[in-house]
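Following the hints, put chains H and G in place on chain A, whose structure we already have.
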Amino acid sequence: MSAAKDVSVSAMAGSRWRVSEVAFWIVVLACPFLFPSRYLIMTDILRLALFTLSLDLILGYAGIVSLGHAAFFGVGAYSAGLLALHGIINEPVLALIVAGLAAMVLGFLTSFLVIRGVDLTRLMVTLGIALLLEALGERFSDITGGTDGLQGIEMQPILGQFAFDMFGKTGFWYSLIVLFVLFLLARRVVHSPFGLSLRAIKNNPLRASAIGIPVNRRLIAIYTLAAFYAGIAGALFTQTTALATLDVFSFERSADLMLVLVIGGTGYLYGGLIGAVVFKMLQEMFQEITPQYWMFWIGLVLVAMVMIGRERIHRWVLWLPNLVIRQITGRKAAVAVPETDAS
Amino acid sequence: MTTVFTILFDGVAYGMLLFVLACGLAVTLGLMNFVNLAHGAFAMAGGYVCAVLVNNQGWPFFAALPLAFFVSAAIGASLERILYRHLYTRSHLDQVLFSVGLVFMSVAMVDYIMGSSRIFIMVPSALEGQFDLFGVGIGRYRLMIVVICGLLTIALQLILSRTRFGSRLRAAVDDPRAAIGLGINVPQVFAFTFAFGCGLAGLGGALSAEILGLDPYFPLKFMIYFLIVVTVGGSSSITGPFLASLLLGIGDVAGKYYVPKMGPFVIYTIMIAILIWRPNGLFGRGAAR
Amino acid sequence: MTAVLETRELQKSFGGLKVTRDLSLRVERGARHALIGPNGAGKTTVINLLTGVLQPDAGRILLEGQDITDLAVHKRVLRGLSRTFQINQLYADLTPLETIGLAVSERLGRGGDWWRRMGTRGDVNEEIADILSRFHLLDVMNELTATLPYGKQRLLEIAVAIAARPRVLLLDEPAAGVPESERHDILAAVAALPRDVTVLLIEHDMDLVFSFADRISVLVNGAMLVEGAPEAVARDPQVKAVYLGEGADA
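These protein sequence lines map, in sequence, to chains A, H and G.
Mapping to my numbering: the first sequence position 316 is 316, numbers consecutive.
Mapping to my numbering: the second sequence position 283 is 283, numbers consecutive.
Mapping to my numbering: the third sequence position 66 is 66, numbers consecutive.
Hints should not be assumed to be uniformly reliable.
To be verified - Here are some chain G residues pointing at chain A (derived, C-beta under 7 Å):
{"hint": "1", "residue": "77"}
{"hint": "2", "residue": "110"}
{"hint": "3", "residue": "123"}
{"hint": "4", "residue": "126"}
{"hint": "5", "residue": "129"}
{"hint": "6", "residue": "133"}
Because the hints were derived from the structure by calculation, they are not lab data.
Note that beta-carbon positions come from the ideal geometry of N, C-alpha and C, so glycine has one too.
Only chain A is shown next, with the shape it has when bound in the complex:
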């Protein structure tokens, strides 16, 4: 059965680690040594990267447009905050997982609403759920601390060993390890038959069901998983900043998230990571010009990206690295080719 062997080799080719991927993670590892004074912003980037990875799973792979992904981020953030504040679970890693699971439960329950209907209904439902949670948070301000947020969160050392320090070094390595582990998991998932079926659903749901793919069940599964990821990102936020305020649920957070993802590109997992870096750099740059009106610049970037065309921008950006790779290896090699449009 040499044909079966060929099939196996070809089928596995997609999931093989590329040189550029390894290089990417080496650069990430080098960052703390290159910029030892900037742990806090780097941690910020890692959290955002994880959150965006979560959106990529549903938007880039399954084609679900969400205006309220912050809902799961917020649930994770508050769960972690409440667990630490009331001393229910003191160990951060365990609390992180529990917070992620809380978001996951919410994701599972709301997925039934999201998979119904068309894009517009999805937009409204996702936005509505985030707003609903924000309203809930205000209503039960005795639990959530209202607009002031949770006060006086003190984090215990990770695994009882590594205490959070004021420079954010522990927080950085903690976030990086969490991000990397969850990235590996996501990478595994998208290269599995399950991940392939998501791409099929995204491209043509009718055809997917005619092949025998249970479309709704797959969408529920990936939405639930993405909620878990977002919850973990939110919990990391609370744990590394000792903060949880109601703006974790805000629409701006969900909208920024989409911008981060489309900057980096959808559907190849690294989009969220690259987008987070670019976004934070843009943020620093614009906030130096007009700290108050940062929103204008986000808006301008969004409009410009769409008008110019996201794919075209990615081609421009990839032109240089691809040229370098071609020169070195002498073959055609794309650094990372983002998926075509999510519709």
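This is chains H and G only, laid out in the frame that chain A set:
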């Protein structure tokens, strides 16, 4: 018992206002399947135009209203020509990104020019206060809104059902491809409808400053309301959005009166219940849009 | 002989328009059954009803004696009712290998497998290889589907449907739009379908129908006009009237 009627009346006024604000969105959505989350920005523009004219220039309120309509319509028409029309064939994701970007820009610009605090428009004293009608308290301003919006609704219905433009528009909404086949210039119909819808939103924005409040975050705060109106109401006619607006208005006012602590909860719960029951909206067509 | 696919008084209307009227169809096991009819006869609606894309207003659909009227689209596929699409609905940016892989994974119940990577299951790999070689797609299995010649795409279309191991296969105009030079491959592939697969062919092309079918049903205005052996149908005055009356386009 009379409070019930007052609530009902306030709810109807609120609902009709929402309808004027959102009906343009419903029609353009049905026509081009374009997801425009920036609709509220045009309403805000109208509101601020009216506020500047009345408060700073000393225009009479009723003279400023038409101008609010025309300025918003003009902004809508030019943005449609310059930006929107390139995006009709793009994915919904692109449309969402683009219109959210517009919202953000409008919020920051208005904040920059007008400041971030809530703005009040000085209304004529004849519209202040309320009077009793069979023991039911009727706000004068709200009565005016019901009258204006009611007339507008009737006018819209007449335009749609009686005029040549209306029949072209209905044909285009029903089946854009067939309409093109019949020689109807769908992009032109769309451009006009878009501008007109923006104008109505601007008028609604001017009228709503008193009731909904007007600040730079208006387009964000009411985005969900517009979405509810078009998803629950469907976009195949204006009757659906109209009924959805009334339902939303009455539900919101009643919710805030009877269970004030639950905040916007009531509305979202109703909305979710409706969508579980009918995913394509209460009055939507069976076919997915 | 027993009916493997059967409809009983199927009804469907859109608005006030009745597009399927009291349609009772019996497809015998192992048959090569063709469903023909002039444009607008409601053939596409019948396929959509059979596969579950549309729900009938009344009537039942039976697959091997079991009622499948209320089953979801993908469940019918797993029960053994598979279809091809008339217009190209293949995944343009997947390869034939991935496309077939999707169908095979679902059939073997591995489609929800999120932990194993593609290509690591022997049973799935062997079946993919088997189908690719049967449909002469092995040499192009790693090309993007969008870049394949049209004839190859049509072959892939049939291959995907067969990968679900159907007991009944609905072929929706398998040779539509295929250039003359590549037509032979499609016809050969259709002719080579295993005899244990029952085929319901929905077709415009009379040459193909009469060379292939052993039984023909004629659909007119959503209702069954005539059913019988090809020779009988060809002689039937009603059928002649419909086709000659409607012009030569059918």
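Query raised in the report: When the nearest CB of chain A is found for residue 133 of chain G, is that gap smaller than 7 Å?
Result: holds, 6 Å
Query - Closest C-beta approach of residue 77 of chain G to chain A relative to 7 Å, hint status - result: Hint holds; residue 77 of chain G Cβ to chain A Cβ min 4 Å, cut 7 Å.
Query raised in the report: Can residue 110 of chain G be said to touch chain A, with a Cβ gap under 7 Å?
Result: Holds - the Cβ of residue 110 of chain G comes within 7 Å of chain A, reaching about 5 Å at its closest.
Query - residue 123 of chain G as chain A interface residue, shortest Cβ-Cβ below 7 Å - result: Since the shortest Cβ distance to chain A is 10 Å, the answer is violated.
Query raised in the report: With 7 Å as the cut and Cβ atoms as the points, is residue 129 of chain G at the interface with chain A?
Result: holds, 4 Å
Query raised in the report: Does the CB of residue 126 of chain G sit less than 7 Å away from some CB of chain A?
Result: This hint holds: residue 126 of chain G lies near chain A, its Cβ roughly 4 Å from the closest one there, short of 7 Å.
Hint compliance for this structure: hint 3 is the single one not met.
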